[in-house]
Amino acid sequence: MAFAAFSTSTSAPEPAPRRKSPIALLLLLPGILYLVLFFLAPLVSLLLTSFQAPSEFGDVGQYSYAFRWENYVDVVAAYWPHIMRSFGYALIATVLALVFSYPLAYFIGVKARPWPLLQSLMLVLVIAPFFISFLLRTLAWKQLLSDESFVITSLKALSVLGPDAHFTGTPFAVIFGLTYNFIPFMTLPLYTTLERLDLRYLEAGSDLYARPFDVFRKITIPLSMPGIVAGTLLTFIPAAGDYINASRDFLGGPDTQMIGNVIEANFLVLQNYPAAAALSIILMSVILVMVSVYVKRSGTEELL
Amino acid sequence: MSSGEFASAGADLELVGIQKRFPGFTAIEHLDLKIPAGSFFALLGPSGCGKTTTLRLVAGLEEPTNGRILIGGTDVTHQKSFQRPVNTVFQSYALFPHMTVLENVAFGLRRRRIDDPVAKAHEALRLVELDHLASRRPQQLSGGQQQRVALARAIVNRPALLLLDEPLGALDLKLRRQMQLELKTIQEEVGLTFLHVTHDQEEAMTMADTVAVMNKGRIEQMGAPEELYELPRTAFVANFLGQSNLFTGPVVGSTSEAISVDVAGQKIVVPAARAHRHTGEVTIGVRPEKLTLHVTEPVGDVARNTMGPGRVIDVSFSGVSTQYLVEVPGIGTLIVFAQNMAFGPVAHEGSEVWMSWNIEHGFGLEDDASAEPRFEADDTTRSIATQKRSSLLTELEGA
Amino acid sequence: MKPRPLPADPMIAQLVRQARAATMGRRTLLAGAGGGAAALALAACSTGSATKPTAAPDESDSSKLVRWDNWALYIDVDDAGNYPTLDAFTAETGIKVEYTEAVDDNNTYFGKVKDQLALGQDIGADAVCLTDWMVGRWIRFGYTQELDQANIPNLKNLIPSLKDVGFDPGRKMSVPWQGGFAGICWNKEKLPNGLASVEELWGPDLKGRVGVLSEMRDTMGLIMSDMGVDIAGDWGDDEYFAAIDMLEKQVSDGQVRNIKGNAYKEDLINGDTLAAIVWSGDIVQLNAENGDKWEFVVPDKGGTLWNDNFLVPIGSPHKANVEKLIDFYYDPAVAAEVAAYVNYITPVAGAKEAAMAIDPELANNQLIFPDETTLAKARVFRTLTGAEEQKYDAAFQGILLGS
Numbered sequence: 001m002a003f004a005a006f007s008t009s010t011s012a013p014e015p016a017p018r019r020k021s022p023i024a025l026l027l028l029l030p031g032i033l034y035l036v037l038f039f040l041a042p043l044v045s046l047l048l049t050s051f052q053a054p055s056e057f058g059d060v061g062q063y064s065y066a067f068r069w070e071n072y073v074d075v076v077a078a079y080w081p082h083i084m085r086s087f088g089y090a091l092i093a094t095v096l097a098l099v100f101s102y103p104l105a106y107f108i109g110v111k112a113r114p115w116p117l118l119q120s121l122m123l124v125l126v127i128a129p130f131f132i133s134f135l136l137r138t139l140a141w142k143q144l145l146s147d148e149s150f151v152i153t154s155l156k157a158l159s160v161l162g163p164d165a166h167f168t169g170t171p172f173a174v175i176f177g178l179t180y181n182f183i184p185f186m187t188l189p190l191y192t193t194l195e196r197l198d199l200r201y202l203e204a205g206s207d208l209y210a211r212p213f214d215v216f217r218k219i220t221i222p223l224s225m226p227g228i229v230a231g232t233l234l235t236f237i238p239a240a241g242d243y244i245n246a247s248r249d250f251l252g253g254p255d256t257q258m259i260g261n262v263i264e265a266n267f268l269v270l271q272n273y274p275a276a277a278a279l280s281i282i283l284m285s286v287i288l289v290m291v292s293v294y295v296k297r298s299g300t301e302e303l304l
Numbered sequence: 001m002s003s004g005e006f007a008s009a010g011a012d013l014e015l016v017g018i019q020k021r022f023p024g025f026t027a028i029e030h031l032d033l034k035i036p037a038g039s040f041f042a043l044l045g046p047s048g049c050g051k052t053t054t055l056r057l058v059a060g061l062e063e064p065t066n067g068r069i070l071i072g073g074t075d076v077t078h079q080k081s082f083q084r085p086v087n088t089v090f091q092s093y094a095l096f097p098h099m100t101v102l103e104n105v106a107f108g109l110r111r112r113r114i115d116d117p118v119a120k121a122h123e124a125l126r127l128v129e130l131d132h133l134a135s136r137r138p139q140q141l142s143g144g145q146q147q148r149v150a151l152a153r154a155i156v157n158r159p160a161l162l163l164l165d166e167p168l169g170a171l172d173l174k175l176r177r178q179m180q181l182e183l184k185t186i187q188e189e190v191g192l193t194f195l196h197v198t199h200d201q202e203e204a205m206t207m208a209d210t211v212a213v214m215n216k217g218r219i220e221q222m223g224a225p226e227e228l229y230e231l232p233r234t235a236f237v238a239n240f241l242g243q244s245n246l247f248t249g250p251v252v253g254s255t256s257e258a259i260s261v262d263v264a265g266q267k268i269v270v271p272a273a274r275a276h277r278h279t280g281e282v283t284i285g286v287r288p289e290k291l292t293l294h295v296t297e298p299v300g301d302v303a304r305n306t307m308g309p310g311r312v313i314d315v316s317f318s319g320v321s322t323q324y325l326v327e328v329p330g331i332g333t334l335i336v337f338a339q340n341m342a343f344g345p346v347a348h349e350g351s352e353v354w355m356s357w358n359i360e361h362g363f364g365l366e367d368d369a370s371a372e373p374r375f376e377a378d379d380t381t382r383s384i385a386t387q388k389r390s391s392l393l394t395e396l397e398g399a
Numbered sequence: 001m002k003p004r005p006l007p008a009d010p011m012i013a014q015l016v017r018q019a020r021a022a023t024m025g026r027r028t029l030l031a032g033a034g035g036g037a038a039a040l041a042l043a044a045c046s047t048g049s050a051t052k053p054t055a056a057p058d059e060s061d062s063s064k065l066v067r068w069d070n071w072a073l074y075i076d077v078d079d080a081g082n083y084p085t086l087d088a089f090t091a092e093t094g095i096k097v098e099y100t101e102a103v104d105d106n107n108t109y110f111g112k113v114k115d116q117l118a119l120g121q122d123i124g125a126d127a128v129c130l131t132d133w134m135v136g137r138w139i140r141f142g143y144t145q146e147l148d149q150a151n152i153p154n155l156k157n158l159i160p161s162l163k164d165v166g167f168d169p170g171r172k173m174s175v176p177w178q179g180g181f182a183g184i185c186w187n188k189e190k191l192p193n194g195l196a197s198v199e200e201l202w203g204p205d206l207k208g209r210v211g212v213l214s215e216m217r218d219t220m221g222l223i224m225s226d227m228g229v230d231i232a233g234d235w236g237d238d239e240y241f242a243a244i245d246m247l248e249k250q251v252s253d254g255q256v257r258n259i260k261g262n263a264y265k266e267d268l269i270n271g272d273t274l275a276a277i278v279w280s281g282d283i284v285q286l287n288a289e290n291g292d293k294w295e296f297v298v299p300d301k302g303g304t305l306w307n308d309n310f311l312v313p314i315g316s317p318h319k320a321n322v323e324k325l326i327d328f329y330y331d332p333a334v335a336a337e338v339a340a341y342v343n344y345i346t347p348v349a350g351a352k353e354a355a356m357a358i359d360p361e362l363a364n365n366q367l368i369f370p371d372e373t374t375l376a377k378a379r380v381f382r383t384l385t386g387a388e389e390q391k392y393d394a395a396f397q398g399i400l401l402g403s
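Chains as they are written, first to last, in the UniProt record's numbering: chain W, 1 to 304; chain Z, 1 to 399; chain L, 1 to 403.
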């Protein structure tokens, strides 16, 4: 078995020769153009806008180019509670989505493996809400949980809720909405990871004296980490910037406004474009920093 | 097994009346087995014979339909796998990819809150000569190294019983030989009871004190490797454990010393003590290396059986020996292994030859020669389907 | 009377209606706030320009067309989805009308078209109906064309109180389309005793069940009136910020449940709010659709009166056609036909008499054809300067966004 000795050798395969093909560059061009046109240019414009100053003798919504960095100080001073609230709500919603999604994804991806039909059916059920507009579903919840609705009146009758308690317009409602609307983004990545989970590792854990809970904590969870990281990012990032659930027209109230609502109000109503732009930049930067730290800490850099 | 302490020594394993049914088929019909403490026991058989199911029953990854499992006299039938003083070296190794080699080895110790798990893990890694790779991840190791980590991860717990599920299957031949020796050495050093499941008869014979040949959910024969080889009880064992020349014929004469069998007109004598049946149609056999090839008809010798003439139809040279296939009219093809004592083969393709062997080397099987061969090939559609189903179900059950 | 038949189930009907409005809202929002930094980029190009654009040359003689952007459910529609009065106009003048329900919100609409306006370009509309204060902003910015009143003889039917307004002295640039009151309303089943003033909204029995409008001039106008300020008169920061303090207190104490635009109606229907500051026309519709459950009143201390006004964007080449259109709708008979459908206040004198002939009950509805005593209670919020507008809007938005 002379060749068997070579099979374990560690020499890496030769890298493919690099050729600068004009065809490859040509094929890259639409992608690059797209990025420049629809990502880079708006980003630069956003950055420039965020430093604009009000025009002299200007009316509502009239600004000129400047380097007014105080815009950032102003918006942080005025809206820091909204910034904190956004990340707080998004964090809670992400944790709730994870707690609800994990058992579901585990059931579909692991327990239901012998019944592929059941797996498909449950996946369809997870995705099904997407077939109805996000707005319509959120409005439906607002109706279902309004003060005179069956749910709330029943809870009041059972003294679960106080007589003056209400659901819509509260932080609880906004977090509920965020969790509900973004839960499929958590369930699906979790499912794809758990579906590939090699159960022999779990048997090995059990064989090595790990109780079911320890197997879950020490083996299942770490092995499903890529799904957890992907799911939490896909939930947290849009939730932090969401302005629909917290909108006063949907589930929110005046004291549940998130950063997305502040940007919306500054952009559309106050026509304070520099403030809206500065807030957008802050939102993007904070998310970027949080995500990099999180991904680095969770040891799943390959996702980035 | 209580946490915080090791088993003092290997323990007996006893399987009593074990039956295991899966929906739609039976993996184990009825199994009684006793493995004494400190022995190296091999369960040998083709895939799908139920040996892996047996191992999983012992590990606690499956529950038997009927019967009891006792380890060191304690009934563990209804204990969960994490409660049993048993560790397994899995065929796939199942090393945790998210942990270092060291943490893999320390895993069981930590679960049982053994003092100083890191030091003990290092010690186990030193035993398999991999301590220098303790901080690597399993996927950075070669197959042989992974196998040794899996072994260290199991034996570091000092289980009363160590289960090995085809642990060498994924290794190439050279590494395999080396690991076989190492495993044997380690077993002798630590003094644990090893239950080794394999389909490789050579591996089983080299390593085990006792080999049980399993087929279709039953144990065909059990004993020391040389006993099994020299005196197979069934045609399955005779053919699965090495090769055999088997002949069928009626018993024509019988004394307290020996029986004579008429095989297509040639009288073959087998010692009575080495024959399981003494009357009627019997199957007798002899191992290929026991045959001596003659180019001229040998002179009669009462101590030897003679067969021939036949014609050599194939000669293949393999270094230490040469294998001849000899076609004998009315009987069939015989295999002869001849030591290469001289230069070149003794006979050539097409030559007329005779074969003889010492009467003491023959054996008589227990099988009813008139019955259809009990052992259908292992690769029929039915058995493949069964195996697939079995592996699927074991995977699910373990979840 | 309904434009498009809605599903019978009131909740579903409500959802569909909200979704119609919300989709529009979301689409426009997406263009700006969320990811569409491109909109900001466009905005950035021209926000600083101080030079006023010039009007486009009129091509009305050769191009018989009017493109009219208006609010939803703001004109008569028959069961086939046609607009009877518009068809009559086309038959009479030969001018084709492209009618679009493009205005969902004053600010959103302005945000969409202001960059083209600043450059004097055609925004794809020849007539737009916007609320007083937004019209004031267009006029201030020079985004409108001056109307030739000689081409609108029926303008004589404009009710006298609207002939001269602060944001458009002499009605040179704008002509009212429909108007309405902001006042207070309550759920008659839950509050059988009714309400008479804004102050009563702050009563302890209504804690957490009061809604106010996200339209600054209406909510603040009612609160200031309640505090004794003549909102049409000469008031300043002191009066405004006293009212802001009052509103802020009610919001932070949890007295006010929510602050909404058009969606406030859903809160009234589902019972989240039992009393609210609302627009008159909506209550007529709500009562028609959900049973006669609500009562509307303009408080004695004063409500607001607002109008949506025609204007001709600076880049439109069809000003003369628009003038013909306005003239057509200022015929009292036509105005009565529209008023019977939209439930808002018509600014056309003589329409009430014309309506009498169609439906006397309608003609006597105070919310559609208010009499002198009702009208006397409602005031028009005074015109703000650009600086005031920024300051007051920011303070009001501060409450809407909470802290």
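Please keep in mind that the hints were generated in silico from the structure rather than gathered at the bench. Keep in mind that this is a model prediction, so the values were computed, not measured. Mixed in with the good hints, there may be bad ones.
[Unchecked claim] Listed below are several chain Z residues computed to face chain W (Cβ distance under 8 Å; list not exhaustive): (1) 88; (2) 90; (3) 92; (4) 107; (5) 111; (6) 112; (7) 333; (8) 337.
Virtual Cβ for every residue (Gly too), placed ideally from N, Cα, C.
Checklist entry - Against chain W, with CB atoms and a cut of 8 Å, does the hint on residue 107 of chain Z hold up? => result Interface hint status for residue 107 of chain Z: holds (5 Å vs cutoff 8 Å).
Item to check | Hint check: 8 Å Cβ-Cβ cutoff, residue 333 of chain Z to chain W | outcome: violated, 29 Å
Checklist entry - Against chain W, is residue 88 of chain Z within 8 Å by beta-carbon distance? => result Because about 5 Å separates residue 88 of chain Z from the closest Cβ in chain W, which is inside the 8 Å limit, the hint holds.
Checklist entry - Can the hint on residue 337 of chain Z be confirmed by a CB-to-CB distance to chain W that is less than 8 Å? => result violated, 22 Å
Checklist entry - Going by Cβ atoms only, is residue 112 of chain Z closer than 8 Å to chain W? => result The hint holds - residue 112 of chain Z has a Cβ within 8 Å of chain W, the shortest such distance being about 5 Å.
Checklist entry - Close enough to count: is the Cβ of residue 90 of chain Z nearer than 8 Å to one in chain W? => result holds, 6 Å
Checklist entry - Taking the least C-beta to C-beta distance, is residue 111 of chain Z closer than 8 Å to chain W? => result holds, 4 Å
Checklist entry - With 8 Å as the cut and Cβ atoms as the points, is residue 92 of chain Z at the interface with chain W? => result OK, holds: residue 92 of chain Z within 8 Å of chain W, min 6 Å.
The structure fails hints 7 and 8 (numbered hints given earlier, in ascending order).
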